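Engineer: The lines below spell out each chain.
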Amino acid sequence: MLSVDLLLSVCLGYVAILFALAFYVDRRARQGHAKWIQSPIIFTLSISVYCTSWTFYGAVGSAARNGLEFITIYLGPTLVFIGWWFLLRKLVRIGKVHRITSIADLISSRYGKSSSLAVVVTLMALMATTPYIALQLQSVTRSYQAIVGEVNVTLSAFVIAAGMALFTILFGTRNVDANERHHGVVAAIAVEAVIKLAALLAVGLFVVFGVAGGVSSVFENVDTEVIYGAGNIFDARWVTLTFLSATAIICLPRQFQVTVVENVDERHLATASWLFPLYLFGMCLFVMPIAIAGLKFLPEGANPDLYVLTLPLSLGREDLALLAFLGGFSSATSMVIVAAIAVSTMVSNHIVVPISLYLLHGRRKVSGDVRKILLTSRRVSIAAVVGLGFLYFQASGGSDALAAIGLIAFVGVAQFLPSLLGGIFWRGATRNGAMAGLLTGFALWAYTLFLPSFGGSVILSADVLANGLFGLAALRPQELLGLVGYDPLVHAVIWSLGLNALVFMVVSSLSEASPLDRLQGALFVDVFRIRPDETTRFEPGQANAEDLFVLAQRILGTEPARKLFDSMAQDQGLASGLPWPTDSMIVQLERVLAGNVGAASAHAMVSRVAGRGSISMTELIDIADETQRLMEASRELSNKSNELTKISNELRKANQQLRQLDLQKDEFLSQVSHELRTPMTSIRSFSEILLSPETVTEDERHRFISIIYEESQRLTRLLDEILDMSRLEAGILEMPISAVNADDIINAAIATLDGLIRKKQVNIELQSSADPAWVLANEDRMQQILINLISNSIKYNTAEQPVIRVRSESSGDLLFIDVADNGGGVKREEAAAVFDKFSRGHRSNLDHGAGLGLSISRAIARNMGGDLTLEFAADETSFFRLCLSNEHKTAKQND
Amino acid sequence: MSKEARDPSRPMSDRKTNDRALVLLLVGCLLLTPPLAGIFQLDIRFLGIPFTGFYLFVVWAGLITGAAALSRRIQEDTDWDNPEDEMPAETDGSND
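Residue numbers (my numbering), protein chains in the order written: chain G, 30 to 924; chain A, 51 to 146.
Treat the hints as calculated values from the structure; they're not laboratory data. Here the structure is a predicted model, which means the values were calculated and not measured. Yeah, the Cβ is synthetic: ideal placement off N, Cα and C, and Gly gets one too. Each hint should be verified, as a subset may be incorrect.
To be verified - SDA-like cross-link-like pairs, simulated, lysine to any residue; straight-line CA separation at most 25 Å:
#  : chain 1 : residue 1 : chain 2 : residue 2
1  : A       : Lys66     : A       : Arg122
2  : G       : Lys119    : A       : Leu80
3  : G       : Lys119    : A       : Leu92
4  : G       : Lys325    : A       : Gly116
5  : A       : Lys66     : G       : Ser741
6  : G       : Lys325    : A       : Glu126
7  : G       : Lys789    : G       : Ser735
8  : G       : Lys856    : G       : Ile823
9  : G       : Lys119    : A       : Val73
10 : G       : Lys64     : A       : Asn68
11 : G       : Lys789    : G       : Pro801
12 : G       : Lys325    : A       : Arg122
13 : G       : Lys325    : A       : Leu92
14 : G       : Lys119    : A       : Glu126
15 : G       : Lys675    : G       : Leu687
16 : G       : Lys669    : G       : Ser636
17 : G       : Lys119    : A       : Leu74
18 : G       : Lys325    : A       : Phe104
19 : G       : Lys325    : A       : Ile99
20 : G       : Lys788    : G       : Ser716
21 : A       : Lys66     : A       : Gly116
22 : G       : Lys592    : G       : Arg346
23 : G       : Lys401    : G       : Ile384
24 : G       : Lys125    : A       : Asn68
25 : G       : Lys824    : G       : Ser741
26 : A       : Lys66     : A       : Thr115
27 : G       : Lys119    : A       : Tyr105
28 : G       : Lys401    : G       : Ser741
Claimed, not checked - For each label pair, taking beta carbons as the anchor points, the in silico distance ranges come out as:
#  : chain 1 : residue 1 : chain 2 : residue 2 : range
29 : A       : Asp93     : G       : Asp516    : 17 to 27 Å
30 : A       : Leu76     : G       : Arg456    : 24 to 34 Å
31 : G       : Gly457    : A       : Leu76     : 24 to 34 Å
32 : G       : Ser38     : A       : Gly88     : 26 to 36 Å
33 : G       : Gln601    : A       : Leu76     : 23 to 33 Å
34 : G       : Leu510    : A       : Pro85     : 20 to 30 Å
35 : A       : Pro85     : G       : Ala424    : 40 to 50 Å
36 : A       : Phe101    : G       : Asp516    : 17 to 27 Å
37 : G       : Arg456    : A       : Arg95     : 38 to 48 Å
Let the hints inform the model, and build the full structure from the sequences given.
Structural biologist: Here's what the structure looks like:
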């Protein structure tokens, strides 16, 4: 017989090791060392809190009573994990994106961050968890009792409860952020998971090979009914249990906590998808043999729920019994610890925080730190949750009714399923639908399963159970509306879950979703299509960055808040100071806060500080990604319109130029026609006179004909000039350039004008530089320019003794040929217009030139790479200067 | 897994993996629940073990093996930064 002292010291030693491990891992993780704690294997082991003492002891008990049926409790989770790709992955992603802290938070956050929904889910979770915790206390005290005999049940249960609460408070509330892993807790749970599996396997191996003597001999002479249970094993109860356990692995608060909230990497799910079923497989492998051996070797009245412990004990293997006790202890403690963390987070975030928010309403500048309040409230909640379990255990007096509580709790938390699945796969699900479904399911669960489980001692009397409420047979809790012939559990599932889902769907489709409800619905259902940083919301109102900072400080603590705001300011490109309270910044802040206090509370706090009221439908319009698309399209449009503006500006400018050119052309044409008309008029009129012979004398005829001749000559000259002009301007006049001797050309030009010079008795003075000046020019065209310049000087000269000076002079690379006269020159104010087409100076009345000569000359000079300008000497007399490029080298070679 | 490592035929194989995950789940649901499971409720022994128990554990082990193979496949194939390029079928996974 194991002594009390030994058992106690082993137990205390084990607990001390767990505390030390948790403490050590927590410290290492804080220093950033314990990376292994974030491995998929540890993740999988932490999911194994599913296997409570109800599994450890209860599975064998169930197998002894109902045969293979116990396996359904592990097949459901197996199917869920094999199908992780479709449901768990989405849950984990949503949990990560929206910083979900609990299943109550998920449901409330999905349905428009409704705080009333969060409260309902929290209370339901609390109701389902409390008896479950009591069950764990019971199994530990009973196993203790089984080993040492009579003990003080109340005291031992209290010591265990207090120890668990202490552990949870110590390692479960290190940080406010519920999203952060509780490394110490996880490490302890992982060790406990290994212990419970090892213990069960050890007992199983001992029974099969040590006692029975081989696999086949275990089942020898065993009645089929023992293994298959009475009747058909694959019946409605089988399906119901599989379904319930599948639901429980998602909806149990502690499972949600370890699978979704504490998940650090989606990839871990891939490993857990087969490793967790394998763990369950190992847990179940020897359940049936242990049950059979228990039935064979233990006396008739032995409690099957303790076979795992009593079998080795009665067969004299106290070491195995001790291991089995530690396994059961581990199963119980890990469940209580995680459940306490999960439920206390809900209670604290959804009940305590909103109440304190309400109490603190209007008193913004509270002294102290909300962070402290949060931690305190979470610690008190843990103590309260475990304490409730203890009270429940005390009140139920450790009755056998507790044994059924596992499945009852499963049905209770299964009520979350319609709202949960509807929330993440159906956009149309609304808050009202979820609320109505939950309340309906909850009420029916309580009426058909939970309350009847007390056998008429709580609320529902034995009379009501037998004859229905108010004596109405239709209201019999376990045969509601005459639904008979079903197992009470199946009956309760059909009613509660069936009506829950039905009401949820009907009310959802009939009720209108609030804008926030609709937005959250879109974000949840399409979580894989929306990038987290794209989600914006469209609430008006001015937020004050300072107020937001104060809020964050109060919840996160000063240093983390400062870091968060600094990083947000940096993201906005600010060097220092607070970030702008943009929509995305507020959304980000709200998410971080939601990780601490839950979505509904965070939303309420931020909304109050940011001065955001309700949102109107038009502002929401649609989900975030659609707006993103719109913004992109409008940006593109504005880019295009900018381009168009630029092009149209250029076009306008070009058009203006064209119009000006058109005007110039019109002017030119009218001038040309005017110039052509004058000689044509005189030719016509003199021809008319000549056509009437009787009035014209021979002298007159001769004079008229010579006028006609001169006029037609002038006309030809004019047309030649216009032709030249247009060719020059179009750049198609052929003008071969070569090195020519400037002096020769000047002389030739003067020689050409010899007749005119004699007639007008003009004195030409030539001043040539000493060296022969060679220039690059076209000989004929250069001569044309000089003839034009000299003839102009002759024609328009009004002096008594006309003198024309032609001088050439070299200056650097250029040769200047100046033509000056003493005949009045050009006035300064006329200088600019002298080269215009059809312009004539003030002396134009002396001759009927067309006014194209200078214009053409200049165009030719420019074409030859030179220029023709009007210059003014020091005494204000004007002269024309032809400027051409010198060509020394070529000249010398040509010599 | 880097994006560069994905060859052009990948999306096809992604879809295949996705389909296999669904098939494995459905096969598991069908084999472990009535009416199909009822076929295997036989009053015989296999290696001294009641046949139905043997059947259930074999199916269970088969599902675990399949899930392990798929998990390896999915981990290799999935671009974990952008898993949305694969559309998960909308199944709740908890039905049976």
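Engineer: Please go over all the hints and tell whether each is borne out by the structure.
Structural biologist: Structure-based check of all given hints:
1. With a C-alpha separation of about 14 Å, the suggested pair A/Lys66 and A/Arg122 falls inside the 25 Å cut-off, and the hint holds.
2. Between G/Lys119 and A/Leu80, the direct Cα distance comes to roughly 24 Å. Compliance with the 25 Å bound is thereby established for this hinted pair.
3. The straight-line distance between the Cα atoms of G/Lys119 and A/Leu92 is roughly 40 Å, outside the 25 Å bound, and the hint therefore fails.
4. Restraint check: the Cα-Cα separation between G/Lys325 and A/Gly116 comes to about 37 Å, which exceeds 25 Å; the hinted pair is violated.
5. A threshold of 25 Å between alpha carbons decides the hint, and for A/Lys66 with G/Ser741 the separation of about 98 Å lies outside it, so the pair is violated.
6. About 50 Å separates the Cα atoms of G/Lys325 and A/Glu126, which puts this hinted pair outside 25 Å; it is violated.
7. At roughly 21 Å between alpha-carbon atoms, G/Lys789 and G/Ser735 fall within 25 Å of each other, so this suggested pair holds.
8. Simply put, G/Lys856 and G/Ile823 have alpha-carbon atoms about 17 Å apart, close enough for the 25 Å limit, and the pair holds.
9. Pair hint G/Lys119 plus A/Val73 holds up; C-alpha atoms about 19 Å apart against a cutoff of 25 Å.
10. Of the pairs offered as hints, the one joining G/Lys64 and A/Asn68 is violated, with about 31 Å between alpha carbons and a cut-off of 25 Å exceeded.
11. Taken as a hint, the G/Lys789 and G/Pro801 pair is broken in the structure, with Cα atoms around 30 Å apart against an allowance of 25 Å.
12. Taking the CA atoms of G/Lys325 and A/Arg122, the gap is about 44 Å. The hint is violated against a cut of 25 Å.
13. Between the alpha carbons of G/Lys325 and A/Leu92 the distance comes to roughly 23 Å, so the proposed pair stays at or under 25 Å and holds.
14. Taking the CA atoms of G/Lys119 and A/Glu126, the gap is near 19 Å; set against the 25 Å cutoff, the hint holds.
15. A C-alpha spacing of about 19 Å is found between G/Lys675 and G/Leu687, which places the hinted pair at or below 25 Å, so the restraint holds.
16. Restraint check: the Cα-Cα separation between G/Lys669 and G/Ser636 comes to about 39 Å, which exceeds 25 Å; the hinted pair is violated.
17. For the hint pairing G/Lys119 with A/Leu74, the CA-to-CA distance comes to about 19 Å; that is within 25 Å, so the pair holds.
18. A hinted pair counts as satisfied when its Cα atoms are at most 25 Å apart, and G/Lys325 with A/Phe104 qualifies at roughly 21 Å.
19. Proposed proximity of G/Lys325 and A/Ile99 is supported: the alpha carbons are some 17 Å apart, at most 25 Å.
20. A C-alpha spacing of about 29 Å is found between G/Lys788 and G/Ser716, which places the hinted pair above 25 Å, so the restraint is violated.
21. With a CA separation close to 14 Å, the supplied pair A/Lys66 and A/Gly116 stays within the 25 Å bound.
22. Distance restraint check for G/Lys592 and G/Arg346: the Cα-Cα separation of roughly 58 Å exceeds the 25 Å cut-off, and the hinted pair is therefore not satisfied.
23. For the suggested pair G/Lys401 and G/Ile384, the alpha carbons sit about 16 Å apart, so the restraint of at most 25 Å is met.
24. With a CA separation close to 22 Å, the supplied pair G/Lys125 and A/Asn68 stays within the 25 Å bound.
25. This hinted pair checks out: G/Lys824 and G/Ser741 have alpha carbons roughly 20 Å apart, not beyond 25 Å.
26. Among the hinted pairs, A/Lys66 with A/Thr115 is consistent with the structure: their alpha-carbon atoms are about 18 Å apart, no more than 25 Å.
27. For the proposed pair G/Lys119 and A/Tyr105, the alpha carbon gap of about 32 Å is over 25 Å, so the pair is violated.
28. With a CA separation close to 115 Å, the supplied pair G/Lys401 and G/Ser741 exceeds the 25 Å bound.
29. At about 23 Å, the CB distance of A/Asp93 to G/Asp516 agrees with the hint of 17 to 27 Å.
30. Here the CB-CB span from A/Leu76 to G/Arg456 is close to 25 Å, well matched to the stated 24 to 34 Å.
31. Judged by the Cβ atoms, the range 24 to 34 Å given for G/Gly457 and A/Leu76 holds: they are separated by roughly 26 Å.
32. At roughly 52 Å, the beta carbons of G/Ser38 and A/Gly88 sit outside the given window of 26 to 36 Å.
33. Between G/Gln601 and A/Leu76 the CB atoms are about 49 Å apart, so this pair departs from the stated range of 23 to 33 Å.
34. At roughly 27 Å, the beta carbons of G/Leu510 and A/Pro85 sit within the given window of 20 to 30 Å.
35. For A/Pro85 and G/Ala424, the hinted distance range of 40 to 50 Å is satisfied, since their beta carbons lie about 44 Å from each other.
36. Take A/Phe101 and G/Asp516: their Cβ atoms lie about 25 Å apart, and the range 17 to 27 Å holds.
37. The supplied range of 38 to 48 Å is broken by G/Arg456 and A/Arg95, whose beta-carbon atoms lie about 53 Å from each other.
The structure shown violates the earlier hints numbered 3, 4, 5, 6, 10, 11, 12, 16, 20, 22, 27, 28, 32, 33 and 37.
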